[in-house]
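Residue numbers (the numbering used here), protein chains in the order written: chain A, 1 to 95; chain B, 96 to 584.
Hints are supplied without guarantee of correctness; some may be wrong.
[Stated by the list, open to error] Straight-line distance between alpha carbons at most 25 Å, and here's what the computed BS3-like set of lysine-lysine pairs gives:
| # | chain 1 | residue 1 | chain 2 | residue 2 |
| --- | --- | --- | --- | --- |
| 1 | B | LYS359 | B | LYS327 |
| 2 | B | LYS422 | A | LYS83 |
| 3 | A | LYS40 | B | LYS364 |
| 4 | B | LYS439 | A | LYS21 |
| 5 | A | LYS24 | B | LYS147 |
| 6 | B | LYS351 | B | LYS188 |
| 7 | A | LYS89 | B | LYS188 |
| 8 | A | LYS84 | B | LYS422 |
Think of the hints as simulated: they come from the structure by calculation, not from any bench.
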Amino acid sequence: MQITDETIEYVGILAKLELSKEEKEQAKKDMSNMLDYVGKLNELDTDGVEPMSHTFSVHNVFREDIVVNGDDRENMLANAPEKKDGAYKVPKTFE
Amino acid sequence: MDLSITAVELGKKIKDKEISVVEATTAFLDSIEAKEKDIHAFVTVDREGAIKRAEEVQKLIDGGTLTGPLAGVPVAIKDNMCIDGMLTTCSSKILSNFVPTFTATAVEKLQAAGAVIVGKANMDEFAMGSTTETSYYGETKNPWDLERVPGGSSGGSAAAVAAEEVPYALGSDTGGSIRQPAGFCGVTGIKPTYGRVSRYGLIAYGSSLDQIGPLAKDVTDCATVLEIICGKDDRDSTSVKEGGDDFTDALVDDVKGMKIGIPKDYFGKGLDAEVKEAVMAAAKALEAKGAVVEEFDLSLVEYAIPAYYIIASAEASSNLERFDGVKYGYRTEEFSDLHNMYKKTRSEGFGAEVKRRIMLGSFVLSSGYFDAYYMKALRTKALIKQAFDKAFEKYDVILGPVAPTTALKLGESLSDPIKMYLGDIYTVSVNLAGLPGISLPCGYDSKGLPIGLQLLGKHFDEKSIIRAAYAFEQTTEYKRPAFAVERGL
C-alpha cells in the first residue's frame with residue numbers, strides 16, 4: 001500500500017509526533033512495507049468470526065464504591081515537569 | 096562465594112546462616128561492578144540501597160518474620176516496573192527522570208518475601224524490540240558472546256542472570272520478551288497465563304498481551320518466584336483468582352503418560368538446522384521418560400506475527416499517549432503552545448522503533464482503516480486461539496523452539512524491522528492466545544551459543560509445563576558462559 005504525504009501528515013497528528021523531512025520519508029517506507037506485510041491477513045477468511053479482545057471469559061468486575069486512597073496530590077505532582085499551586089502547569093491553552 | 100548458585104540454593108544458605116544477606120548482596124554487587132563495563136545489563140544499580148535493605152532483611156530473617164525460600168536473595172527488576180523511589184526509565188529518554196511514588200504489585204510481593212533489589216535491568220525502549228538494542232541507554236551484550244545481542248526485550252534481565260550478576264530477575268513478555276532472551280542467554284524464563292500476575296505498576300505496552308514473569312538459572316527458581324508474584328490484585332482488574340498456583344508442587348521428574356504435541360508447522364522454512372536438531376532431541380528425551388510425543392498441524396502460524404503487530408502497535412499508540420510532558424517525564428525545552436509542546440516532547444523523547452509502532456498503531460486505529468486492520472487482527476486472534484484450543488484437546492503440552500536461530504550479531508536486526516519481527520514467530524501467538532510458556536536451554540550450537548526449548552500449556556496450567564521442563568532439565572546440566580566463569584569473583 002502506497003502511503004502519501006497527506007497520510008503521514010494525518011497519522012503524525014493522531015500520534016502527536018513531529019517528524020523531520022527525513023523521518024517522514026522513512027516512515028512512509030516503513031509503514032508501506034509493514035502494511036503490505038500485515039495485509040497477509042486478507043488471505044484468511046474471517047467472515048462470521050467474532051473479534052476477540054479477551055482470550056477467556058472475563059466479566060465486568062464490580063466492587064463496593066469505597067474510597068481507599070487519599071487525595072495523593074503530592075505523589076501525583078512529584079514528577080511534574082512544572083507545577084504551580086498544587087496543579088500541573090502547562091502552556092496557555094486559550095486566549 | 097560461588098555466584099553460579101541458584102536463587103533457591105542461596106535462600107537456603109541464608110536461612111541456614113551459612114552466608115549473611117549482606118555478604119550475598121555485596122558479592123553480587125561486586126560481580127555487577129566487575130562485569131557491567133562489558134555486559135551493560137543495568138540502567139540503574141542501587142548499591143547503597145541494596146546493602147541497607149540487606150541489613151533490614153537479615154534482621155527480619157533472624158527475628159523469624161521472613162521465612163520464605165527467597166528471603167535475602169538479590170534480584171534485578173526490568174526497568175518497566177515501577178518501584179517507589181527508584182528511577183524507572185523503561186529504557187526511554189522520555190522517562191529519563193521518572194522516579195515513581197508507588198511500586199508494582201509483583202515487585203511489592205517479592206519485597207514482602209524478602210527480596211533485595213540491586214537495580215533495574217536494561218530493555219528495549221518500552222519493551223519494543225527483540226534485541227535490547229533500542230534502549231536509549233545503550234545495548235546490552237550477550238554473556239555468551241559479547242558481539243551478540245542478548246535478545247529482548249528483557250535482554251538486561253536475561254544477561255544479568257547468565258552473567259551471574261544476580262541469581263534471578265523479573266522480566267515482562269508481550270510477544271516473547273521473556274522467553275526469547277532466556278533462550279539467547281541460556282537461562283530459564285516463564286511467561287505466565289494472561290491474568291496470572293498483576294500488571295499494576297508495569298508500564299503498559301500492549302495491555303492485552305503483557306505479563307510479568309521470572310528469569311533464572313533453573314525451573315525450580317522460576318516456579319518459586321512465580322508462586323510468590325502470582326495472584327489476583329484489586330488494582331489490576333484483568334488479574335484473576337485461579338487455582339493451580341502451587342507451582343513448586345509440579346517440580347517432579349515424572350512425565351509418564353503426559354501427551355506432548357509438536358507443531359509440524361514450527362519446523363519448516365527459516366528454522367536453523369542446529370536449533371531444530373536440539374529441540375527434537377529434547378522431545379526424544381521426554382519421550383524416553385515416558386511422555387507420549389506426537390506431531391500435529393497447528394495451522395495459522397504465519398498469521399500470528401501480522402496479527403500481533405497490528406494489535407500490539409494499536410494498544411501501544413493508545414498506552415503511550417500519556418507521555419506528553421505534562422504529568423511526568425521529559426518535557427521539551429522550547430515550545431510555542433500546548434500542542435507544540437506535546438509534539439516536540441514526544442518527538443524528542445521517543446526513539447525510532449517506538450515512533451514506528453505508535454505511527455502504525457495510530458494508522459490501524461484511524462477511521463477508514465479500523466475494520467480492515469484492527470478488527471481483522473482481532474478476528475485472526477480468535478482463530479489462533481481456536482487452533483490452540485483444538486490442540487489442547489489432545490495434548491497437555493506443546494513443544495517447539497523459542498526462536499528460529501540462536502543469538503544474532505549486534506547491529507544485524509535493526510535495519511530491517513520486518514526481519515526482526517519474524518524472529519518472534521514461535522512466541523507471539525502464545526501472547527495472542529493468553530497461554531503460559533516456558534523457555535529453557537536444550538543445547539548449544541556449533542558456535543557455542545545456547546538453544547532454547549519452548550513448552551506451552553493450557554490457560555492456567557503452568558504446572559504441566561513446569562513439570563515437563565523440570566523433567567527435561569534433569570537430563571541436562573546447567574552450562575555457565577565462559578565470561579561468567581572467567582570473570583567470576
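Okay, the hints, checked on the actual structure:
Proximity of LYS359(B) to LYS327(B) is assessed by CA-CA distance (about 36 Å); at most 25 Å being required, the pair is judged violated. Pair hint LYS422(B) plus LYS83(A) holds up; C-alpha atoms about 9 Å apart against a cutoff of 25 Å. As the CA atoms of LYS40(A) and LYS364(B) are separated by approximately 17 Å, the hinted pair is consistent with the 25 Å bound. A hinted pair counts as satisfied when its Cα atoms are at most 25 Å apart, and LYS439(B) with LYS21(A) qualifies at roughly 15 Å.
Restraint check for LYS24(A) and LYS147(B): the C-alpha separation of about 50 Å exceeds 25 Å, so the hint is violated. Between LYS351(B) and LYS188(B), the direct Cα distance comes to roughly 51 Å. Violation of the 25 Å bound is thereby established for this hinted pair. The hinted pair formed by LYS89(A) and LYS188(B) meets the criterion: a straight-line CA distance of about 21 Å does not exceed 25 Å. As the CA atoms of LYS84(A) and LYS422(B) are separated by approximately 12 Å, the hinted pair is consistent with the 25 Å bound.
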